[in-house]
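Work out the full structure, taking the sequences as your base and the hints as a guide.
Protein chains: 2
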Amino acid sequence: MSFFPSTLEVLIEKFASLPGIGQKSAQRLAFHILALPDQDAEAFAQAILDAKRSVHCCAVCQNLTDTDICSICQSPRRDERTICVVSDPKAVIAIERSHEYNGHYHVLHGVISPMNHVGPDDIKIKELVTRVADGDVQEIIMATNPDTEGETTAKYISRLLKPFGVKITRLAYGLSVGQNLEFADEATLMRAMEGRQEI
Amino acid sequence: MSFFPSTLEVLIEKFASLPGIGQKSAQRLAFHILALPDQDAEAFAQAILDAKRSVHCCAVCQNLTDTDICSICQSPRRDERTICVVSDPKAVIAIERSHEYNGHYHVLHGVISPMNHVGPDDIKIKELVTRVADGDVQEIIMATNPDTEGETTAKYISRLLKPFGVKITRLAYGLSVGQNLEFADEATLMRAMEGRQEI
Chain A
1 MSFFPSTLEV LIEKFASLPG IGQKSAQRLA FHILALPDQD AEAFAQAILD
51 AKRSVHCCAV CQNLTDTDIC SICQSPRRDE RTICVVSDPK AVIAIERSHE
101 YNGHYHVLHG VISPMNHVGP DDIKIKELVT RVADGDVQEI IMATNPDTEG
151 ETTAKYISRL LKPFGVKITR LAYGLSVGQN LEFADEATLM RAMEGRQEI
Chain B
1001 MSFFPSTLEV LIEKFASLPG IGQKSAQRLA FHILALPDQD AEAFAQAILD
1051 AKRSVHCCAV CQNLTDTDIC SICQSPRRDE RTICVVSDPK AVIAIERSHE
1101 YNGHYHVLHG VISPMNHVGP DDIKIKELVT RVADGDVQEI IMATNPDTEG
1151 ETTAKYISRL LKPFGVKITR LAYGLSVGQN LEFADEATLM RAMEGRQEI
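Protein chains in written order, with the numbering used here: chain A, 1 to 199; chain B, 1001 to 1199.
Check the hints yourself; a few may be wrong.
Computed footprint of chain A on chain B; a stretch qualifies when at least three of its residues, placed anywhere within it, have a C-beta under 8 Å from a C-beta of chain A [to be verified]:
| hint | region |
| --- | --- |
| 1 | 1020-1034 |
| 2 | 1056-1067 |
| 3 | 1089-1095 |
| 4 | 1169-1182 |
Derived from the structure by calculation, the hints contain no laboratory data.
Where a beta carbon is used, it is the ideal one built from N, C-alpha and C, also for glycine.
Put into structure tokens, the structure is as follows:
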């Protein structure tokens, strides 16, 4: 049974349909919207429409952008001979925050996942192959997540790109900085041991 | 520094301005919106505008409604001589869910809170006094929250309504159903002891 006015119910429903938002949170958010000044609520609605309309994939690297080609691909200060392959735009942000990388990116928008019916053709692998075939690429850094699907995708792509004679690398596995050894899982510890380096 | 397209940044900002939504969650929600089909995103924006435009306070009880007078105030099956005073619309829902109450409501839209600069004139107390003065009210049930501000508000209102000779009651304090005595706080236990009833 619904106790709220129908338009409010609809708004609660919309919020509840977002990932990680339960019924109670959705109610709280909807009430917050109602309590906003009119122009703020309208600005919220407009922000949804604007983002939806203007944000699309960069023609080169497939990262999200509101221009034809994203700012990273356009930048003359970045090394276009290195491409870091990530599963989604959030990974680009994470790597950019480390200020350690100065090359280009390629965003796959997903990983190969037979369980979720995502095959190689459902993510932006074709576009990556075209870039490698057409451009002067020297290194591909596979930076998909260190889980089964990320690994599978990295292996699949590296096999696909082998014929082009390009160097393909994978992000290092190991302990997190500041992590307590006691709480490291066995698989990570094993990888950290395997990848040990002389000091 | 911003890494996302500006319209996406704006959307993330909007989500992050909602209560209980941090920067990471806001990002996740904004990405979810981008991944939605166009018409779903538009429906979301529209839901915000619709709710904001059509939902307002009931002319009688101040509960949220999209009609002039809310369905509870309009219902002929409800006892209009009893008014349950609550701080906000969510409390109305909570009480309705208990199926125990058949009277009317009055929603204050807040509680007296000097700390937050909310005085008696900032919440819908005047409207309650008018209802009691004009109508045939027999009982006022104070159902504000059992905290300092809720108590203060209940006491303030009961003093204000005394001259009208109306019966004023307060929800009972005590243990929650199913609660373990071991974990009940002292104040609640004291109130439960005070309010003990013969069986």
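Hints versus structure:
1. 1020-1034: It holds, with 11 qualifying residues against the three required.
2. 1056-1067: holds (count 4)
3. 1089-1095: It holds: at least three residues are needed, and the region 1089-1095 of chain B offers 4 whose Cβ sits within less than 8 Å of chain A.
4. 1169-1182: With 0 residues close enough to chain A, the hint is violated.
Checked against the numbered hints given earlier, this structure breaks only hint 4.
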